[in-house]
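Enquirer: Okay, here's what each chain looks like letter by letter:
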Amino acid sequence: MESSWKLTDTQLRKWLSGLLDGNSVVAPVEEDGVLLFRPIASEDQAVVKPSGKTRWSPKEFLFPRSEALYRYNFKGGTVQLEDPPVPEEHQVLFGVRSCDASGLVRLDEIFLSGTKDRLYAARRENTTVVSAACAAADVECFCTAVGYSPVGEEGSDVQLVPLGEDWMLRVLTDKGRDLVSDAGDGWTAATAKDGKRIAELEKSVAGQIERSPVNREWSQVLEEGFEHGAWDRLAQHCLGCSVCAYVCPSCSCFDMNHEANAWCGEQCRSWDACTFPLFTHHASGHNPRETKQERYRQRVLHKFAFREEDEDPFRCVGCGRCVSLCPAGLDIVNTVSAAVEAIREEGADAAR
Amino acid sequence: MSRVGVFVCHCGENIARNVKVQEVVESSRDIPGTVVTADYPYLCSAPGQQMVIDAIEEHDLDRVVVAACSPQLHEPTFRAAAAQAGLNPHLCEMANIREHCSWVHRDAEQASAKAYQTVVAAVERVKRSRPLDPIEVPVTKRALVIGAGVAGIRSALDMANAGHSVVLVERQPSIGGNMSRLSETFPTLDCSQCILTPLMVQVSRHPNIELLTYSEIEEVSGYVGNFKVRIRRKPSFVVAEDCTACGDCAEVCPQPSGNEFDMALSSRKAIYIPFPQAVPSVYTLDPDRCLNSKLDSPTGFRVLACVKCDEVCKPQCIDFDMQPEFIEREVGVIVAATGFDMKLGQQAAECGYGKHVDVMDGLEFERMLSASGPTEGEVRRPSDGKTPKDVVFIQCVGSRNPEHGVSYCSRICCMYTAKHALLLRHKVPESRAYIFYMDIRAGGKGYEEFVHRAMEEERVMYIRGRPSQIIEEEGKLKVLGVDTLSGRTVEIDADMVVLAAAMEPADHGEIAGKLRIAADTDGFFKEAHPKLRPVETLTAGIFLAGTAQAPKDIPDTVSQASAAASKGMEMLSKDFLERDPSTAHVDESACAGCFECLAVCPYGAIERKQLLDAQGEVFREVAAPNPAMCEGCGLCTVTCRGGYIDLEGYTDEQVFAQLGALGALREVIER
Amino acid sequence: MTEANVTAAKSEAGAVPENWKPHIVALVCNWCSYAGADMAGTTRREYPANVRMMRFPCTGRMSPLMILRAFEQGADGVLVSGCHPGDCHYVQGNLVARRRFTIFRSLMDFIGVDLKRLHFAWVSAAEGHKWAKVVSEVTTSVQEAGPLPSFEHPEGWGGIDLPEMTGSGPQELDEQRLDAIRANLRKAASEVLTTERAGVVIGYGSGSLPDQTHPVLITKTAECEKLEWGQGCRNNLGAYVGSALEKHERVAVVAKTCDLGAISGLIREGQLRRDQLLVIGVQCPGVRDGSGLATKCLSCSGDPHPICDLVVTVEGVQESCEDPSAAALDTPDARDEQIAYLESLPHEERWQYWQRQFGRCLRCYACRAACPLCYCSTCITDKHRPQWVPTSIDHPGNSTWNIIRAVHLAGRCTGCDECARVCPADIRLDLINRKLSLEVERQYGKIGLDPEEKSALVDFRMEDSEEFIL
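Chains as they are written, first to last, in the numbering used here: chain L, 1 to 352; chain E, 353 to 1023; chain A, 1024 to 1493.
Quick caveat, the hints were computed from the structure, so don't treat them as lab data.
Treat the hints with care, since some could be wrong.
[Claimed, not checked] When the alpha-carbon atoms are kept at most 25 Å apart in a straight line, the in silico DMTMM-like pairs for lysine to aspartate or glutamate are as follows:
id, chain 1, residue 1, chain 2, residue 2
1, A, LYS1243, L, GLU60
2, E, LYS961, A, GLU1269
3, E, LYS883, A, GLU1272
4, E, LYS961, A, ASP1298
5, L, LYS292, A, GLU1246
6, E, LYS866, A, GLU1476
7, E, LYS961, A, GLU1272
8, L, LYS292, A, GLU1178
9, E, LYS961, A, GLU1476
10, L, LYS14, A, GLU1178
11, L, LYS292, E, GLU940
12, L, LYS75, E, GLU461
13, E, LYS828, E, GLU702
14, E, LYS830, E, GLU800
15, A, LYS1477, A, ASP1110
16, A, LYS1044, E, GLU461
17, A, LYS1139, A, GLU1175
18, A, LYS1249, L, GLU346
19, A, LYS1139, A, GLU1041
20, L, LYS75, E, GLU959
21, E, LYS961, A, GLU1475
22, A, LYS1477, E, ASP791
23, A, LYS1270, L, ASP349
From a predicted model like this one, the values you see are computed outputs, not experimental measurements.
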């Protein structure tokens, strides 16, 4: 069975157009100068390029910014519960960069392991990911430095690989195959030579990324040096917002809030971030992460340490958005290497 | 979980005609927290209230909603009933389904839907109400009276006679105010000084009154029952205890000055006593007129160019080195009785005031009529000293004139003009008096008869109209006007013109500002309610008396002064005052110390509180509203951006819940 | 609450349902308007039953958040009514409230809310007839406006082309002159630390991406070499002064002229004292935004402000000592044409414009974090009891957040534009701030640098305008 084809851009567009039949298609769209994932109504709205990330990841289409977990009302004096409906229409996330697709798998590890999150699972089940490998790195990208790849297949059902003006389309899963089953008119099969271009692409993009790789052993160093005083100065200029967490493809924290009036109410789950001062604030008034340094350390370690198995990947997929969008110019990779350096030089327990 | 009782009143037919009471009652059963609902024809009646009381006891209710008339009418009624049943009164709310509903909406469906929603909002509100107890504030048993005209004198005497301690502050060297300037008073033609002086002497001798003349209020702080006042005693440069008022100093003083008491119609010396019957009877040295410059400079720098008074003073009580003295007093209540001045504005100028010396205002004429005045009671033209024959009086000069004067009526002018004309006729039998008037306002006891006396007995000529021009011609003042009743123009060659100028408050915001009481746009102190609380202000513990509050005559002034004293004594007779507990509270752990709340508080009720650490060091300053001073307006709550201030009785949670109940939601519309 | 749960008789795709009647919430003050409404009842003056009453002690107790919640909970219109100016039972409650309402109303209009839905009135206790008349007029007005439009993404809307912002910006500084300034800055900082004029210098250090800097807090003389200067020096370092003062008695901060208004505001609002600060003003080449100059720089000269303690230029470092009360602030105005253009459009266009932007808002609060004047220990949006600002990250919740953020900065913001710069969603927060700044200026006077001057929204005059009040 064929799994790889070569498509012209026009053919790609036609395929995309066809996907709109019977699917909700979410693709990068330009809005007020910002590239964002949005549901599209026609293929010409979609911006699908050989490189270039959206402003933030498409995780909100599996893990919405806000969703009601249950609703209730007081009709006739009794409480009537309502489960909010899960969207039935099948969803295609189109043009997801490799790093973002990996991010989705990092989210799966949270929401689908152990007790499955019912709402997330339903959406995930109903979603097919068409990823797009990258022909060039954005200035902030560093996926290859953290063990990811611009041509990575993780999290993807169908992968689009940019080949100059054209594209290579590769079916990676059964779900992906369902998307191409009706298409294929005039598509030429991809050759082995085309396949070799993938490795070339990876090498070329890796070459653009000037960061030194983050060593996997550093996780342990970071954990051992948890109390090191370097964290005091490394996080000095963090402002305590949540840009990094919200644009991050793998951040998954949320808060639950109950909002109601005299007639009805709902329990609503919304994005939250460990960088906010009140994130770990207890009802008693105690806050185990009282200072911003402790909060920033937590975020960095969650991305680069706290791995159960040695082979587990970093949760940071190297998209670099936190670096380019941080209001205070913090750089997570620099922070990690500076922390490791300080811990190694001064010993794990060295105070400030 | 609260146990709420909802009681819906029919109010006879007033509510029941347009609101389907039974439906409201039934629907209210479903409101979360409601355990009992009932209706009754007249809930405010004795059996109605009893029903509520019984229900509270029987069903162990901890919250009550009465859906009936306006809380402005019956909130105290139902709160008292709740208290009787052992429930804190603040846990009883009313839902207004009469004034705001059944009386203004005819459609029964709409009215009932609105009534029901109003009840729900009230239930949501009351569920979040907290039991509140009145705040107790101790009372300092002393009163402050500002201004010692007849109003201040009467107020002070009433309180002092009742056994209370009073501090009476007057900025002039003598007490007595404007009334001591008058010659006779209408309608009895009593000699003003004769009826006032005994009161003045009583004040000076009263063991309970501390009289501070030639003094000003410097600063007032605190709140009802606990005011702190700082008073500045201006230096008179004469040691009062030693002065015998012999007058030798004034004899030799070389420096003359206009005599303010005589409205500058006569002169005094730089060292002077305002009038012979002055209380206290001591001389005062005016530093602005004395030849020794910079007399009251704090560094004591002065040039002693002239010490004639000191040379002849037998008791040797002249002290050129005297400094202002600041004293502090703690008082429980304050009466503001700062009186009035004549307002001589554009209209007076148009009548020639200031241009022609024979044009004078009512108070000036009053001094002229007075036996102790500049002319010893004889009416003379200021220009040449001759006795006038034709005198024109003009009423409403500046009053009732929004464009060029004040919009209000100065109330006393019709009466005193009639009096002036009468007295002129008595003193100069061959004289002719003409009064230009717009209306005659003579509403007091004996007033109408008095005016009639002027008209009929003394043949005072009343001309309904206004003069258009006053031209000086060969020493006389030609007054051109019109008589609107006959339609004819009028021309009078007058020897003198007297203007009934408008009355304006003597205080131009200084005392109002220091007391933090409101003044209206004309500068008169604002009463708490024009009908029901005319001697109180909105600031608890501060009362008003006399013309400082509005133009009025002596009987009304004295009545009001006694009323203010009575209100003051109501507080002084208690050891503790109860204040409304609907006050603001700050979350001190969150307050960032920006103090914008302090900037907006109308009562200065927010204090700066220093928070100390374990070592006793100040680590932060936070806002702390004083519950005794807070009046519960809530301005601070909105000013605080973080939302750290809440208002008891109208808390954020209550408001939030009410807004949630009053929304337009599916359930309501489908009901 | 998420949009779906708060449904009223809302329209589908613009059509007004047949039996739709406006739902109006009235916030009234107890002493005047509530009593006036009572009087309307006593005198049996009929008026439409669409209005629901809420009693408050004073208009001073009514906040924009309450009005916003009324709309969130399904009201199509809101009426706020209180005592006539001069008659407030609490002396000045309505006078302070009048300024608040003026600014809030102008913001609601700017956001695209039909002003036919939002009314303010003065009704006294004696004016029963006026109350009935006002309610009737308001009901008719809201009826005309129709049901409250949904807070949602404007599908298929073409967008607005705002006029381009123009200006020449500061004088160009070539590499050589920038080098000189940088050297002088490092020298000045070093001197400040060695002479102990301050315990820390807050400045800009080089970042990891090209043209990017990040704030540095320098306590050692040797580290002064880290200080950078150039078009990448964007942060308003005033945001770091408060926390620096927890560790040091006196703090030196590098400041561009656009940063000063916030620093002055911090002093005005008691967050720090002038003597705790040493302000180092530096000749500025303007900051870059993408490929061009940031908007705020277009009408700025780049010259350091004389109010700074030290002034660093190409020539050297000078002491400066100016009386703050004489300091005027040269507020940028390149945006004013865009604001005027937006205001010329029908309000429905503005509604879609802002809903599209608010829809992108992630509630990351970067705007709040970067603003030096957002120093509240806990933000109003974190207040749970009650939850005034809905936590849901959707159009209604985001609209409330963005509105209240702007309202809380009105009269205080001087346009450093940090909020707009740091917003990951490119929301034109600078336009909203500038709009309110213009409104405050127009009504109550310009915001200056003098910390002694009272902020406009905690002040009032009897003669403040009130043309819109019924």
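Enquirer: Which hints, by number, does the structure contradict?
Expert: Failing hints, ascending: 1, 3, 8, 14, 20, 22.
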